[in-house]
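Note that the protein sequences, when read in sequence, are chains A and B.
The first sequence maps to residues 18 to 471 in the numbering used here.
The second sequence maps to residues 748 to 963 in the numbering used here.
For the record, the hints were derived by calculation from the structure and aren't laboratory data.
Here the structure is a predicted model, which means the values were calculated and not measured.
We put the beta carbon where it would ideally sit given N, CA and C, even for glycine.
Among the clues, some could well be false.
Which bits of chain B does chain A cover? Going by a derived footprint, with three or more residues having C-beta under 8 angstroms, they are [what the hints assert, rightly or not]: (1) 795–803; (2) 819–826; (3) 847–856; (4) 880–894.
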Amino acid sequence: MSHEIFMPALSSTMTEGKIVEWLKNPGDKVERGESVLVVESDKADMDVESFQDGYLAAVLMPAGSTAPVGETIGLIVENEDEIASVQEKNKGNQPEVSSSDQLELVSNKTEEKPVVQTENINKEAEVVLKLEKPVPSFKTDQINAATSNVSSRIIASPRAKKLASQMGVDLAKVHGSGPHGRIQADDILKANGQPVSIPWIGEGDSPASIPGVNLGVKSKPETSGNSFGNPGETVQFNTLQKAVNKNMESSLEVPCFRVGYSINTDKLDNFYKKVKQNGVTMTALLVKAVAKTLKKHPQVNSSFSENGISYPENINIAVAVAMEDGGLITPVLKEPCNTDLFELSREWKDLVKRSRSKQLEPDEYSTGTFTLSNLGMFGVDRFDAILPPGTGAILAIASSKPTVIANNDGSISVKKIMQVNLTADHRVIYGADGASFLKDLAYLIENEPETLVS
Amino acid sequence: MVNRTAIIKQPDNISFFNDVYKLQKEYQEALILDNSIPDFIWIGEHQLCYTLGRGSNYDNLLFSLNDTNYDVFKIDRGGEVTCHMPGQLITYLVLDLKNFNKDLNWYLRKIEEIIIKILGTFNIDCHSREGFTGVWIGNKKIASIGIGCKRWITINGFSINIDCELENFNKIVPCGIENCLMANMIDYNKNLNIQEVKKIVKKIIQEEFNFDFVSK
Numbered sequence: 018m019s020h021e022i023f024m025p026a027l028s029s030t031m032t033e034g035k036i037v038e039w040l041k042n043p044g045d046k047v048e049r050g051e052s053v054l055v056v057e058s059d060k061a062d063m064d065v066e067s068f069q070d071g072y073l074a075a076v077l078m079p080a081g082s083t084a085p086v087g088e089t090i091g092l093i094v095e096n097e098d099e100i101a102s103v104q105e106k107n108k109g110n111q112p113e114v115s116s117s118d119q120l121e122l123v124s125n126k127t128e129e130k131p132v133v134q135t136e137n138i139n140k141e142a143e144v145v146l147k148l149e150k151p152v153p154s155f156k157t158d159q160i161n162a163a164t165s166n167v168s169s170r171i172i173a174s175p176r177a178k179k180l181a182s183q184m185g186v187d188l189a190k191v192h193g194s195g196p197h198g199r200i201q202a203d204d205i206l207k208a209n210g211q212p213v214s215i216p217w218i219g220e221g222d223s224p225a226s227i228p229g230v231n232l233g234v235k236s237k238p239e240t241s242g243n244s245f246g247n248p249g250e251t252v253q254f255n256t257l258q259k260a261v262n263k264n265m266e267s268s269l270e271v272p273c274f275r276v277g278y279s280i281n282t283d284k285l286d287n288f289y290k291k292v293k294q295n296g297v298t299m300t301a302l303l304v305k306a307v308a309k310t311l312k313k314h315p316q317v318n319s320s321f322s323e324n325g326i327s328y329p330e331n332i333n334i335a336v337a338v339a340m341e342d343g344g345l346i347t348p349v350l351k352e353p354c355n356t357d358l359f360e361l362s363r364e365w366k367d368l369v370k371r372s373r374s375k376q377l378e379p380d381e382y383s384t385g386t387f388t389l390s391n392l393g394m395f396g397v398d399r400f401d402a403i404l405p406p407g408t409g410a411i412l413a414i415a416s417s418k419p420t421v422i423a424n425n426d427g428s429i430s431v432k433k434i435m436q437v438n439l440t441a442d443h444r445v446i447y448g449a450d451g452a453s454f455l456k457d458l459a460y461l462i463e464n465e466p467e468t469l470v471s
Numbered sequence: 748m749v750n751r752t753a754i755i756k757q758p759d760n761i762s763f764f765n766d767v768y769k770l771q772k773e774y775q776e777a778l779i780l781d782n783s784i785p786d787f788i789w790i791g792e793h794q795l796c797y798t799l800g801r802g803s804n805y806d807n808l809l810f811s812l813n814d815t816n817y818d819v820f821k822i823d824r825g826g827e828v829t830c831h832m833p834g835q836l837i838t839y840l841v842l843d844l845k846n847f848n849k850d851l852n853w854y855l856r857k858i859e860e861i862i863i864k865i866l867g868t869f870n871i872d873c874h875s876r877e878g879f880t881g882v883w884i885g886n887k888k889i890a891s892i893g894i895g896c897k898r899w900i901t902i903n904g905f906s907i908n909i910d911c912e913l914e915n916f917n918k919i920v921p922c923g924i925e926n927c928l929m930a931n932m933i934d935y936n937k938n939l940n941i942q943e944v945k946k947i948v949k950k951i952i953q954e955e956f957n958f959d960f961v962s963k
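Just need the whole structure built from these sequences, with the hints factored in.
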């Protein structure tokens, strides 16, 4: 049977560690207490030892990569004849540091450097590997399928156990996707009905909050970033991506300017806490606030046309939503001023559900007069959006963060501050229009969030 | 904190890096086998040499490894390349962290605190910088830290530049930080000398870790 080597915690605050060096190669004999690899956190190195006599069968995370505390990074087997079967199961996950491909890559890279020393190529190989992204998590189900559930003992990673206790998830009822059915943090999130993949744009619970408990700054997100292809591949754009490309390119002909504002969300967050239980989403609240402010600032709702400034009959707020398989879509909440907050929230949930299954009608994603893009749920502090064609302005909403504020009277306080950034077409909307719109939006959010109900 | 015994060695002459490194490894191995034996502290100076941690980037070494004019050692500590030489005070601590706090971040911060207290004794105002382990005077680095650890037994430690040839750092990118400026304690207090600093290092380590020292 095989034993896992986990990323150790070198300190109470450590969430991930960097593998500096594997002191053993797959297939090497290891003795109990012998150092197998070196993990680094800051300026401190720690030797990680084997807890049993056996053989290092698999290296799941290569030197130079970073893994969360508790993650399985290698496998040790007791008998030499088990090495082959474990390696077979983990095929494709083991870094082949010394393969000719790898050296080829290295020598290509070193050619650019002024000094190339052949005897250093091996060392360069280490360096280059370190620069590469950590290898994406291996397909745990490969080894899981054959070996899981052999015993009734619950095996879970430390992180999974912590999450389970925080979320009140019963470990006995969770199906582990790790080696030997080991329960990983992702399994807990799944069991708790939380998305494991990166949350969709525009779906944040709050500009301030981070979905789940672990996507914040304190701990590293479990999931790796989005990728539609494998390294070395070129993947054709899908229809939606092509449409986005066309729209983004057409923005290059629009003379845009940007204007930003910092908004205190303490009151909004309190109000959101009260109405959340009634099914209100933060997206609906923000849409409502923007729509109400646009009503007072029709200029910001206008757009450029060959015949002049075009003022739409309605205020329709489009909200950018990233699609899991690439591209993005902008479902539209029509006339939010005429819809109450609860109905608006229901509408929004329905739109998101149907955009995921690609069941939106054209007028449900193409009739926006003003766009919102919210990346707050990722914890970003500010960003800048690109103006969609046919509209005059888009508002980029960042995360709301506790910030130290110097008040006018010289006192200091801590308030939740959310940065918003308006991108607008200067042919129809001028700096003063954008600025006064933002000032009124901030006033509404900071002082009268309860008026957003109707 | 428990009362503990530590063997202290503080040679007056300049020591060869490799000899002291071997000595540290011996104490570390011994402590791993028997944790009832005393911890080990070494305070002294080295001849000019360069050392790399196991994860160090060789690009930060600005001379060829084949250049026999320079002694280079790859050792088991964290961090990037650094340089040792006479006039720089080195302190190695082979401690069993199981008797203190099994937390390497705590240990690194504790060492920074100790260095700040040492310099404070000589009226030198210095500070730590988040994300840049070590001790700084303004934007100049006065002390470097590099730690190794096996079964919570530490190895290596910290170096403080007292009155050394800082030009030697020009042969490397110290700690992997581009344009990193180094400083000497003597530039901030003309009246000190390395023997005095040594005494203070010993005193503060004794207080901070609550050691009973045994000389050997």
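Outcome, coverage hint (the segment 795–803 of chain B, chain A; C-beta under 8 angstroms; three residues): holds (count 3)
8 angstroms C-beta test of the segment 847–856 of chain B against chain A, three or more residues: Since three or more residues must qualify, the claim that chain A covers the segment 847–856 of chain B holds, with 6 doing so at under 8 angstroms.
Given coverage of the segment 819–826 of chain B by chain A, tested with a Cβ cutoff of 8 angstroms and a minimum of 3 residues: Coverage by chain A holds for the segment 819–826 of chain B (4 residues, Cβ < 8 angstroms).
Whether chain A covers the segment 880–894 of chain B (at least 3 residues having a Cβ closer than 8 angstroms to its Cβ atoms): holds (count 5)
The structure is consistent with each of the numbered hints, conforming to all of them.
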